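**Q** Grab the two chains, each in its own frame, and use the hints to assemble them into the complex.
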Amino acid sequence: MRPRQVEKRARRASPKSPELVVSGDDVLELMAYLLASAELCMSEPYHYGSFRLLDGASRLAGYAVGGGRARDEAWLGALKRDIDDHKGLLMWDREAYVAYLHEVTAKVAEHIKRETPA
Amino acid sequence: MSARASAGADAVLNAIRSRRVTREFTAEPLTKDQLDQILTAARWAATAGNRRINRFLVVQNPRSLKLVRSIAPGIWARPTALIIICVDLDLARQDLVQIERDPSIQIDVGTAAMNMMLAAHAIGVGSCPVTSYSRSGLSKMLDLPASAVPEFILQLGIPTPAALQGHAGRGRRVTAADLTYWERYGRPTAGR
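The listed protein sequences derive, respectively, from chains A and B.
First residue of the first sequence? That's 1256 in our numbering, and the numbers climb one at a time after it.
First residue of the second sequence? That's 46 in our numbering, and the numbers climb one at a time after it.
Keep in mind that the hints were calculated from the coordinates and are not lab data.
Keep in mind it's a predicted model, so treat the numbers as computed, not measured.
Certain hints may be false.
To be verified - Simulated coverage check for chain B against chain A, where a stretch passes if three residues somewhere in it have a Cβ under 8 Å from a Cβ of chain A:
(1) 116-127
(2) 172-184
To be verified - List of simulated lysine-lysine pairs, BS3-like, C-alpha gap at most 27 Å:
(3) A/Lys1335 to A/Lys1368
(4) B/Lys111 to B/Lys77
(5) A/Lys1335 to A/Lys1362
(6) B/Lys111 to A/Lys1335
(7) B/Lys185 to B/Lys111
(8) B/Lys111 to A/Lys1342
The beta-carbon is built from N, C-alpha and C at its ideal position, and this holds for glycine as well.
Bound-form chain B, shown alone (with noise of 0.2 Å):
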């Protein structure tokens, strides 16, 4: 590997492995271009086929985002601004898409996600995955069209100090061999 393509390498492990979920953030707002990167980074996120079927939702306005802290029980912190991943049902039917059966609408709102809290973490703003909220209080508190089926809310916004300091310390971390079995399920070595 060349020294350029390691460094690169060595960007986006140590981007993987450092990353943490946040739970405070500052007043400052971000600016349009972080937003910006955020989004870039969902639109280059792995989807099934090709398709996209996803559209994503910015909520900056104070209002808004009490109005969502409001029915999403999920939101501890005040973050300044959110991005929700909604499944477009009428772009999934042009596309053929089988609604009710097909597991990787979910996979890839997963994607989208993963992508833009690694790409919020490079570039020094805090992220928190939301799974719990009310959809229709969403829908509703955000006048979403029924087409669109809110399935994630990204919490985004600068981290504090404290929170930067993350879980150091908070018993053992989980490695990668211990989630791991090698060519049996069950067998936790590789080898024979």
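Bound conformation, chain A alone (with noise of 0.2 Å):
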């Protein structure tokens, strides 16, 4: 079990969804992630902005993947594999960056619809 575990219900609207393990240090991370980005963007290129959303959901991802404990285990951890090796097209193909974030965006929608009771 790690240090200063937070226990959060990640879809309170689904009554079978398990209880997703963040741990404190994690949040903290995250929370200073977020705070960094959000002092960032005010002087940074506009599209990095877009970039620190992306790679905050995938360290999100990894996160909740390593708390052991989430129900979409292999299916997170293979988002942010897959975020992660994308990611990156923003600085190189701008066009294929875009594309990649309707696709990634489709492919959560599809999963959560999915997963949510009918």
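**A** Given below as structure tokens:
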């Protein structure tokens, strides 16, 4: 068990959703990342904001997988790898980056829809 | 040009051409000798007026690395060392630098950074520049004095085999000709 674990319902709307475990250290790390990004977004190129959000989603997926109790562990792990493999597109192929944003969002939407009880 | 000079030129030019940003490092720590070589390259960087107002803070302690990573969204990888270039405002004032107006302050940070990246590459160490970090957060994490302004972070470590493959094949390479004008801004070719 990790220190200072914080347990939280991942999706309160879904009664069958298991508890998602993210350690307190990871929560703090993600919070620091988000706050530093908020600060940086005021001075960096506008599209970096998109990148920070995408990278933040990858980090959150990684923390959830690290917690070890996410029902979607395999899926989240694959999503994190997928994002990490594509996020660098911003630097060398802006069109492909935008296309990937559409693709990954649709992928997550499809997953949520499938996992949400009718 | 002598054969020796030619070999030296080739080595320098090859290092310039083959250096890439490294975004994946092994866990192997850097040696003091490796860091010394990289820092010596920074010492030899060109500076405006031959002034020495930059100071280089080396960070290898795992806890400090973790703390810096947490407030530096630009650090994706897990480097085993960081070199932080700080502009020392006390030294700048002593040198009568107009801190708020002088753009060469940033240029001096850049020349030191580039020298360090090339030196690292020459000795098999990977590097990645970072400017995306919270200045206030970094100062707090490393207990920097108010006079030390952290202007740049250099990530360092041994590249993984995957990282060494670089970005080959990702679109057309930009050439010098793409970026160069001759005699008049907008004129892409030399000659009349």
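**Q** Give a verdict on every hint.
**A** Hint-by-hint comparison with the structure:
| no. | hint | result |
| --- | --- | --- |
| 1 | 116-127 | holds (count 4) |
| 2 | 172-184 | holds (count 5) |
| 3 | A/Lys1335 to A/Lys1368 | 19 Å, holds |
| 4 | B/Lys111 to B/Lys77 | 20 Å, holds |
| 5 | A/Lys1335 to A/Lys1362 | 12 Å, holds |
| 6 | B/Lys111 to A/Lys1335 | 20 Å, holds |
| 7 | B/Lys185 to B/Lys111 | 13 Å, holds |
| 8 | B/Lys111 to A/Lys1342 | 22 Å, holds |
Comparing the model with each numbered hint stated earlier shows that all of them hold.
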